[in-house]
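K.L.:
With these hints in hand, go ahead and build the complete structure from the sequences.
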Amino acid sequence: MRKFFKLAISIIGIIAIVCIFYIGYSNYLDNKIEELYKEKEDILSTYNTPLKNKGTAWIDRSMMGDNLGVFGSSEFSSIVKQNIKNNFPNDKYIGNISCMGKAHVQNMLHSINLGANYKSFKGKNLVVIESMQWFYGMEKDANAFIANFSDLQFYEFMQNDLISEKNKDYLCKRFLELESLRMLEVREKNKDVGYEYPRVHILAKIYSSDNKVYRLVYQLMRPYYYAEYKMLLLRDKNITYKYFRDLNDKYDKPEFKTDWDKQLEEATRQGRSACTNNDLLVYDAYYNEYLKDWWDSLKDSKKDMPLLESKEWKDYEFLLSVCKDLNLKPLIINVPCNPRYYDYVGLTLDKRKPYYDRISDIAEDNGFPVYNGLIPKENEPYLFQDVMHLGWRGWIYLTEELTSYFGNN
Amino acid sequence: MGDNEKLAREILEKVCETDEIFEDYDMDLVDEGFIDSFALLSVILEIEERTGKKLQPTDIKKEDISSINSLIEFLGNIK
Amino acid sequence: MIQIEQYNSLFNIYIYILLVIPVVIISLLGKKSKILNLAISVVMLSLLFRLESIQMREVCVFLICELLLIYIYFLIRKKTDSKWIYYLILLISILPLAIVKFSAHGKFADVIGFVGISYISFKIWELIIQIYDGRIERMKFIDTLGFLIFAPPFSSGPIMRYDLFIEESSKSIDRKEYFYDYLVPGIKKIILGAFYKFSIAFIINEYILSRYTELSAKGAIAYFYAYTLYLFFDFAGYSLMAVGTSYLMGIKMIDNFNKPFLARNIKEFWERWHISLSTWFNDFLFSRFVLRNMRNGRFKDTKKAARWGYVVTMMTMGIWHGLYLHYILYGLYHGIWLVLTDKWLKTKTFRKVKKMKYYNLISRLITFHIVAFGMLIFSGFLISI
Chain R
1 MRKFFKLAIS IIGIIAIVCI FYIGYSNYLD NKIEELYKEK EDILSTYNTP LKNKGTAWID
61 RSMMGDNLGV FGSSEFSSIV KQNIKNNFPN DKYIGNISCM GKAHVQNMLH SINLGANYKS
121 FKGKNLVVIE SMQWFYGMEK DANAFIANFS DLQFYEFMQN DLISEKNKDY LCKRFLELES
181 LRMLEVREKN KDVGYEYPRV HILAKIYSSD NKVYRLVYQL MRPYYYAEYK MLLLRDKNIT
241 YKYFRDLNDK YDKPEFKTDW DKQLEEATRQ GRSACTNNDL LVYDAYYNEY LKDWWDSLKD
301 SKKDMPLLES KEWKDYEFLL SVCKDLNLKP LIINVPCNPR YYDYVGLTLD KRKPYYDRIS
361 DIAEDNGFPV YNGLIPKENE PYLFQDVMHL GWRGWIYLTE ELTSYFGNN
Chain G
1001 MGDNEKLARE ILEKVCETDE IFEDYDMDLV DEGFIDSFAL LSVILEIEER TGKKLQPTDI
1061 KKEDISSINS LIEFLGNIK
Chain F
2001 MIQIEQYNSL FNIYIYILLV IPVVIISLLG KKSKILNLAI SVVMLSLLFR LESIQMREVC
2061 VFLICELLLI YIYFLIRKKT DSKWIYYLIL LISILPLAIV KFSAHGKFAD VIGFVGISYI
2121 SFKIWELIIQ IYDGRIERMK FIDTLGFLIF APPFSSGPIM RYDLFIEESS KSIDRKEYFY
2181 DYLVPGIKKI ILGAFYKFSI AFIINEYILS RYTELSAKGA IAYFYAYTLY LFFDFAGYSL
2241 MAVGTSYLMG IKMIDNFNKP FLARNIKEFW ERWHISLSTW FNDFLFSRFV LRNMRNGRFK
2301 DTKKAARWGY VVTMMTMGIW HGLYLHYILY GLYHGIWLVL TDKWLKTKTF RKVKKMKYYN
2361 LISRLITFHI VAFGMLIFSG FLISI
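Protein chains in written order, with this note's numbering: chain R, 1 to 409; chain G, 1001 to 1079; chain F, 2001 to 2385.
FYI, nobody ran anything at the bench for these hints, they're computed from the structure.
C-beta: ideal position from N, C-alpha, C; glycine also.
Fair warning: there could be bad hints in the mix.
Interface residues of chain R toward chain F, partial, derived using beta-carbon atoms under 7 Å [as the list claims (entries may be wrong)]:
#1 Leu7
#2 Asp192
#3 Arg199
#4 Tyr224
P.N.:
Set out below in structure tokens:
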């Protein structure tokens, strides 16, 4: 009997040591990360990396205080000085800005982020930028989803008790759907490739199944997934700490002046000098690389785009539903597109307008504030920098809206 | 002296090349370095030569010849 | 870096724990079930090879073919003990492994072969050899299958013996014996194995081996010592987990390592390192080589027979690892050292030195360095220079 007690005690001892080590190291990393972020906030607030988008530690730090959280996609890579990441803090809004997302990060991935890092977003000022390009076609780009997917955030989302079972179920099913689309493509080249995220796959399968046996298996596997989540969390903190520590780039963000007229003037000037070789009012390099040689073939190419039938609509409603579960109320930004291009490729205003209206209606029906102010301006020169992304004037308008909307709160 | 004992002594004297081992019938021959895995094979050959019984290496273990007494017992047990 | 995958991920270990719980429960009730153990092995193996993968299919085909071969020979052997048929059957059974080793250099390297094929082959050869020896009277299918696919040691050993497996799996154990002789030691082994592999081996790899990728004096020295230690902790850790899991399933296995760095010479080393491998080779290759060549008179001198035996056995072991130059040289290296050691142990100088004061310490240090250099060859590090 004594042998048994010895063994039991040593097992408990080992578990205790592991926990203490974990908590101690985790706290140490938290402190270091906070320190480093404060020191390098300006430059870090303008950086947008997979480490940030797929993690927790960086996002958590970037949302401290009155900082503004903005969920978007490829517009953040905008090359103009007026890019929103440079415009906060300003003289009317003391918080800094945290941009989350990059090209191809759409409603599903943003929802996962919101659910995962809920503690960082609670009670903060949040913005979600919806883009029409997300709603192209019937199905979305499964490869990009998987490429930008974060297993850590997925586990965090699934651990979040505030989120309804229905929503978790939707997430699991959607993940499996997109994963199998991607696998179809991948396996065309190599039949024997395995899943990128086999354990997420298993969790998604057993959670979303109607089979009673699977639900039992889910309960049995919960301790494991909890442990994996904790390990990924520590790893994220570790990598983030090292990244912050080794970052030697320096940047002092110049303070943005909210003199809107002056800003718009400067924006127009800069836009004008950048768009010289085309009538679409896109910047020269963009025209040369993406439009010049293909111009003829592009005519009416998107004429039959089933914008209103995309699966992304369900994902959009999912995002809003998750926000409701979490009691978050982000401001939805309804972004138009460059009509000079879209009219030409066949998505004329009579096709675009239903999209804009629907974005707005769904937001309002669900009780979310939506900013439609950019829609009537879609024809304005230099609102966009290219065919779809906000540019010189567009960013100023958006900055103005966010400053006034949140500055008074 | 029984047949098996005589046989055991003959075999071990040939294999270990010394009569030091007869001082103690329970001396651990492996520990003392008189027997190694190769000596085991020699024992097999000796048994075959002297009794005509053909053994395979898997039929005999080091424990069976770890001392003179164990060998005597083993010889008694061979079918 | 050779990394043993079977117990590598927390996920696999967790699933193994869940799978083993039913066995632990019924064992604590004093019962034992071969079918349950078999079922658990099947599930564990489907974790090792994804169900839809080519590897899984290869495993199934391989198993079916080899089982057929074994049973056919078992029936043939009842009628005749012809040597030529025996050799033929043995050759056929070696064929799959040979194909795998040969194709390692070719286009299909990734597709042909599965983890554990080298180890399951040992079990198959043992069965065929024992059938020839006439040592196997009955072959119940559930025993044979259970033996071959027993999961805990599947990917990298230790190599179980048929008679030990049958004895253990058929033996009924009462709850007290299970608790004190199987459960408690098994858990201890698993914990120790996990510590070896996930702490020590991991740290050595992270902080020493990954740092020295280019050739430098400091790097070579660090690599020299670290690599051997890494191999030991990784492999011994894995072996302990495999043996421990086996204990929990009510089957005692023999440990694979016994403080190998305490070996005072290379002969002793091979009795302490990868023990299941060296005993297998000893019983089925070395001994039979020596016996046959002594019986047919090719060698008159027993010493000469043994020394040739060492070289042949070690080179076979080298080739068994793979058809690569550094593996063959590794085998040759150890073969030569065994011969030299054999000569040394029979000298008068040895008997004198053996009694000296620091004999143990010095001989252990020297042996460690010989072993470490051999591992350096084994790693292919030297060839890549």
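K.L.:
Could you work out which of the previously given hints the structure breaks and list their numbers from low to high?
P.N.:
none
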